[in-house]
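> What follows is each chain in one-letter form.
Protein chains: 2
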Amino acid sequence: MHKLTHFRLCPFSRSIRLAVQELGLACELVEEPFWEWRQPFLALNPAGEVPVLELEDGPVLCGAYAISEYLGEMATGDEGGRRGMLLFPGRAAERAEVRRLVDWFQRKLDREVTRELLVEKVYARLQHSPAASPNSDTLRAVRANLRYHMGYIGYLAHERRWLAGEEISFADFAAAAQLSTIDYVGEVPWEEFPVAKSWYARIKSRPGFRGLLADRIPGAPPPPHYDDLDF
Amino acid sequence: MHKLTHFRLCPFSRSIRLAVQELGLACELVEEPFWEWRQPFLALNPAGEVPVLELEDGPVLCGAYAISEYLGEMATGDEGGRRGMLLFPGRAAERAEVRRLVDWFQRKLDREVTRELLVEKVYARLQHSPAASPNSDTLRAVRANLRYHMGYIGYLAHERRWLAGEEISFADFAAAAQLSTIDYVGEVPWEEFPVAKSWYARIKSRPGFRGLLADRIPGAPPPPHYDDLDF
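If you're matching them up, the sequences are chains G and D in order.
Position in the first sequence (first residue = 1) + 4 = my numbering.
Position in the second sequence (first residue = 1) + 4 = my numbering.
Don't read these hints as lab results, they were simulated from the structure.
It cannot be assumed that every hint is accurate.
In this list, chains with the same sequence are indistinguishable; a pair is considered to hold if it fits within one copy or across any two.
[To be verified] Here are the simulated lysine to any residue pairs, SDA-like style, with alpha carbons at most 25 Å apart:
id, residue 1, residue 2
1, 125, 144
2, 125, 33
3, 112, 202
4, 125, 226
5, 112, 125
6, 125, 32
7, 7, 60
8, 7, 98
9, 112, 42
10, 125, 62
11, 125, 142
12, 7, 51
13, 125, 211
14, 112, 34
15, 125, 63
Could you build all of it, start to finish, from the sequences and the hints given here?
Below, the structure written as C-alpha cells:
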C-alpha cells in the first residue's frame, strides 16, 4: 500500500490527503512530528517537511508540489488512466489558472494567515514552548489578512462553480485544506462570507473530507461547528 | 512580443528570466515596484506579486509556479516542440525530483534566507523605510541558515552533473536565481563551498545569465565579484 507521512493539522498534508482520497488511492497514514527533526524522517525527506508520499513500487515524493504534480501527471501516464485530470483539469491555460490559485493558497494564504496561527496556537503547545500564549498583535494582523483572503475566495466562488473554473481542481483542495486548519483553531468568520461558506460546505461534504474532520489535537478541541456539515 | 513583468532582484522573477532565455523566448521586460500595490498591476495579478508573463496571443500567467509549469508543458503541446523539456526533463519520477528541489529553493531557501535579506538590505531602502539599518540578529540567523543550504547545494552538485540529475532543469534556474540575489547583497560565502561555487560558475557563464549580472540597485552596488565569471 502507498504510505503518506503527514501531520494532522498541516495544510499541505491536508491538501494531499484530500487529493489521494478523491483519486481513490488507498494510503496508509503515518503521522510525523516533523519539528523534532528525527533522523529517520530526515533520511526520507532532507527538507524535514511533510507531506511525503511513498508510492508502492514507485518513487518517494516530497512536498505537496511534487506530489500533486506527480498525481496530476498520472492523467497522461500508464498508472491511473485519466483520473489525474481531477487535479489539473482542462487545457494549458486552465491548468495555469489552477496553479495560480494553488500558489495563492499554499504560499500567500499560508504565509499571511495559516502558518502564523499554527505557530501561535498549535505548535507552541505541541513543542511545550514557554511562550504558549498567542501574541495579540500577531492575531490581529492575521485576522485582517484572513478577511482579505475570505473576500477573494467568495469572489471566486461567486464567479465560478469551483474556485479555478467549472471543474473541481487541486486549487479547491489546497484552499479547503488551508481553511480547514484555520477553522480547527476557530478563526474563520464564516457568517461574514456566505458565498465562501457555501463553497466550503460543498467541499466539506465530500467523502474525502471525513478524515480531516475527525482529527483532534489533545487539549485543543476544535469549535463545535468544525465537523458539522450543516454549520 | 511576450511581456514579462518582474522586479530586478526578485528571485522568482529571476528564475523565470533564466527560463525564458534558455527557451529562446523573446520577452519585453517591464519592471514593477510591486510593493506600491498599483491598481493597474493588481488588475493584472490580484496577488500583487511578480513575475507575471503575458504571452502574445496567449494567457496571462501569474507567479513562477504557473509560468514554469506552463512553459514546461510546451514540451508536449503545439507551441514549442520539445524545448519545454528543458525545464522538467525526464520521466515522472525525475520530474518529481526537479519539483522537490524547486520547492526547496523557492520556498525553504527563500523563506529562511533570501526574503529576509531582501527585506533587511533592499526593500527597506527602496521603500524609504525609517528602519533602514539591517537587524544584526536577523542577519546572524540568516547566515547560519545559508551555510546549511550551501552545504546541501554542494552535496547535490557533488553527486550529480546538475542539481536534480544529469540534465539541467528548472531546479538549477530556481537555485541560481536565489543565489544570484543573495550574491548581489554580498552574503554568499563562496570560498567555504567550492563544489557549490563550481556549479554556480557553470550556470553563471550561460548566456541567459547576462541580464541578471547587469542589474543594479541605485546606491547599493553588488560586490566586485558579482558579475565576474571567473570569481
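> So, for every hint listed, does it hold in this structure?
Consistency of the hints with the structure:
| no. | hint | result |
| --- | --- | --- |
| 1 | 125 - 144 | within (14 Å within a copy, 27 Å between copies) |
| 2 | 125 - 33 | within (24 Å within a copy, 43 Å between copies) |
| 3 | 112 - 202 | within (22 Å within a copy, 34 Å between copies) |
| 4 | 125 - 226 | within (12 Å within a copy, 41 Å between copies) |
| 5 | 112 - 125 | both (19 Å within a copy, 22 Å between copies) |
| 6 | 125 - 32 | neither (28 Å within a copy, 46 Å between copies) |
| 7 | 7 - 60 | within (8 Å within a copy, 43 Å between copies) |
| 8 | 7 - 98 | between (30 Å within a copy, 20 Å between copies) |
| 9 | 112 - 42 | between (28 Å within a copy, 18 Å between copies) |
| 10 | 125 - 62 | neither (37 Å within a copy, 44 Å between copies) |
| 11 | 125 - 142 | both (11 Å within a copy, 24 Å between copies) |
| 12 | 7 - 51 | within (18 Å within a copy, 34 Å between copies) |
| 13 | 125 - 211 | neither (28 Å within a copy, 49 Å between copies) |
| 14 | 112 - 34 | between (27 Å within a copy, 23 Å between copies) |
| 15 | 125 - 63 | neither (35 Å within a copy, 40 Å between copies) |
Checked against the numbered hints given earlier, the structure breaks hints 6, 10, 13, 15 and satisfies all the rest.
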